[in-house]
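Participant: With the hints as constraints, model all of the structure from the sequences given.
Line order of the protein sequences matches chains A and B. First residue of the first sequence? That's 1 in this note's numbering, and the numbers climb one at a time after it. First residue of the second sequence? That's 1 in this note's numbering, and the numbers climb one at a time after it.
Hints in this document: simulated from the structure, not taken from any laboratory. The beta-carbon is built from N, C-alpha and C at its ideal position, and this holds for glycine as well. Incorrect hints may appear among the rest.
[Said to hold, decoys possible] Output of the computed footprint for chain B on chain A, the stretches with three or more beta carbons under 8 Å from beta carbons of chain B: (1) 124-130; (2) 230-243; (3) 260-271; (4) 278-288.
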Amino acid sequence: MVMLVVAFVSFSLFNFVGDPINNMVGEETSDEERVELRETLGLTDPIYIQFSRFVGNASKGNFGISYQLKRPVSELISERLPATIELVLISALIALVSGTLLGVYTGINRKGFLSDIILAISLLGVSLPTFVIGILFIYLFAVILGILPSFGRGEVVSLGYWTTGFLTLSGLKAIILPSVTLSLFQMTYIIRLVRAEMMEILQTDYIKFARARGIKEKSIHYKHALKNGLIPVITIAGINIGTLIAFSIITETVFQWPGMGFLFIQAVQFVDIPIMSAYLVFIAFVFVMINFIVDILYYFIDPRIRVKAEAVSG
Amino acid sequence: MDNHKLTLLNRIKDSDVYFSFIKSPTAIISTVILVIIFFCSFFVELVTPYNPFDPSSLSLMEAFTPPSWTEGGLSKFILGTDGQGRDMLSTILYGSRISLIVGFSAVIFALVLGVGLGLSAGYFGGKYEMIIMRLTDVQLTVPSILMALLVDGIARGIISREMHDEMAIYVLIFAIGISEWPQFARVSRAATLVEKNKDYVSASTIIGVSNIIIMFKHILPNIMRPVLVIGTIGLALAIIAEATLSFLGVGVPPTTPSLGTLIRLGNDFLFSGEWWITFFPAMFLVLLAFSINLLGDWMRDTLNPKLN
Chain A
1 MVMLVVAFVS
11 FSLFNFVGDP
21 INNMVGEETS
31 DEERVELRET
41 LGLTDPIYIQ
51 FSRFVGNASK
61 GNFGISYQLK
71 RPVSELISER
81 LPATIELVLI
91 SALIALVSGT
101 LLGVYTGINR
111 KGFLSDIILA
121 ISLLGVSLPT
131 FVIGILFIYL
141 FAVILGILPS
151 FGRGEVVSLG
161 YWTTGFLTLS
171 GLKAIILPSV
181 TLSLFQMTYI
191 IRLVRAEMME
201 ILQTDYIKFA
211 RARGIKEKSI
221 HYKHALKNGL
231 IPVITIAGIN
241 IGTLIAFSII
251 TETVFQWPGM
261 GFLFIQAVQF
271 VDIPIMSAYL
281 VFIAFVFVMI
291 NFIVDILYYF
301 IDPRIRVKAE
311 AVSG
Chain B
1 MDNHKLTLLN
11 RIKDSDVYFS
21 FIKSPTAIIS
31 TVILVIIFFC
41 SFFVELVTPY
51 NPFDPSSLSL
61 MEAFTPPSWT
71 EGGLSKFILG
81 TDGQGRDMLS
91 TILYGSRISL
101 IVGFSAVIFA
111 LVLGVGLGLS
121 AGYFGGKYEM
131 IIMRLTDVQL
141 TVPSILMALL
151 VDGIARGIIS
161 REMHDEMAIY
171 VLIFAIGISE
181 WPQFARVSRA
191 ATLVEKNKDY
201 VSASTIIGVS
211 NIIIMFKHIL
221 PNIMRPVLVI
231 GTIGLALAII
241 AEATLSFLGV
251 GVPPTTPSLG
261 TLIRLGNDFL
271 FSGEWWITFF
281 PAMFLVLLAF
291 SINLLGDWMR
301 DTLNPKLN
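Facilitator: Right, dumping it as structure tokens:
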């Protein structure tokens, strides 16, 4: 349902923003030729037929040809997709793992000196725009210290349809700065969330009972408390992957990372409608998929939902 | 006249807002910083010794002068100069004026749209309310920067290429405003739902006051507090959004640079060691956004404890 609405929006984008014919032909094309082209492209058909054709093509991955680069959009996207996915996954991982660890730490040691520092930095992280963090990182690590590359993906290894930077040293080095930059903003959210959850859960009866049973503090914190604290984190992390993809547009531009965000920004600059509408459909698809995955994860993490579902199914 | 002023002043002094304001050092400091920034930005011609956009005052010989306290710096360019010999401090202040104009206009646009829709949704209810709220739900799942980028891209497609630079600033205001309205709609709807069952609204209805007057003259003043809180935080977001879009090269054109454009232009010089060209606009932007955020935090605590 959501996909259909988005498909319709990007379809109308494609059709009504500027005249597609004007974008394809040169100045000297005659009016008869234009009319002919219009008919061969099926632009004289009723709207609903055009729309169903658009959906049909889109589901086969065919989004037309980029105005600017004169190549099929699907080809461009599949070329850029691995770069973005690697970047987003790595930063989601960094944000999730370090955010959870720091959140648990600040949740347990509430008054500690280190906790205060972590929280102060996380407050600053919210106010610093992503691209400013990126520039500062580039200046510090690439210009002054000269230890990490500041742009591109390094050497990539091609595995059939997929190109990966994980298998070469320069590829691994190249992903450090962009992924840390991208993860910082999300990390601050996760720290705050986990901290609040931990503080609340540590007051509950079952934790008191676990303490009374003489279970080790460490095992109480990580086994008993964290497990329940993770449920909201998973929701947020799911939404955040969408946000990460959106913010990867900025990070990719700063670090000239050859991903989809970079492609999209160029498309906006040059008003390249086919790429924009394909990107829109892709983003919507990712959002829908993430929601679906998050729902499934709930099932595994929260026994209450599992029990309820089993009771319903008999 | 004098007498009236005195009572107004006294009213301010007696209010809870004033009391909590003088008790909060962060609020005072951030307000002072903001007042200085606003003043310098809007009266930039009076404050700065140079007009960076007057070519006759520029000298390429003075390009890339580092900040005055470092080696090779000149005392007349406190923060150094950029690649065209423009004084950084003046350029930053001119840029911050554009950033502030875009930020304020975008927030006002979002506020008028959001409060208008949210207030009427809360007041009339029914299907109309459902549609508006469903719209905000859908839009809130999309990150606002993505929304602004999309609107910006579509608007660029509709406007002819020759008009781009001229229209860029309005497109930007519209794009950022559109990406922020759902927040205002949600808050004002929630506040309206509380207000509309109060006696003063029933009384107005009974004596035959029209819906429009009840909504905008009677309910609106009572829901302004939470709206102002969202507006302040929204201003920081709008300024950052403007800087981000300009940094990405889809915002205001380089002929009238905002803070984001300056950071983007300066970014090219980072590798050759001219760090100050991008560093100072960036720090200025952070200071601006951070001060507004701190003030917003204080306002949230004071004006609307419930929003916590």
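Participant: Now, for every hint given, state plainly whether the structure supports it.
Facilitator: To see whether the hints hold, each was checked on the structure:
no. : hint    : verdict
1   : 124-130 : holds (count 6)
2   : 230-243 : holds (count 3)
3   : 260-271 : holds (count 6)
4   : 278-288 : holds (count 3)
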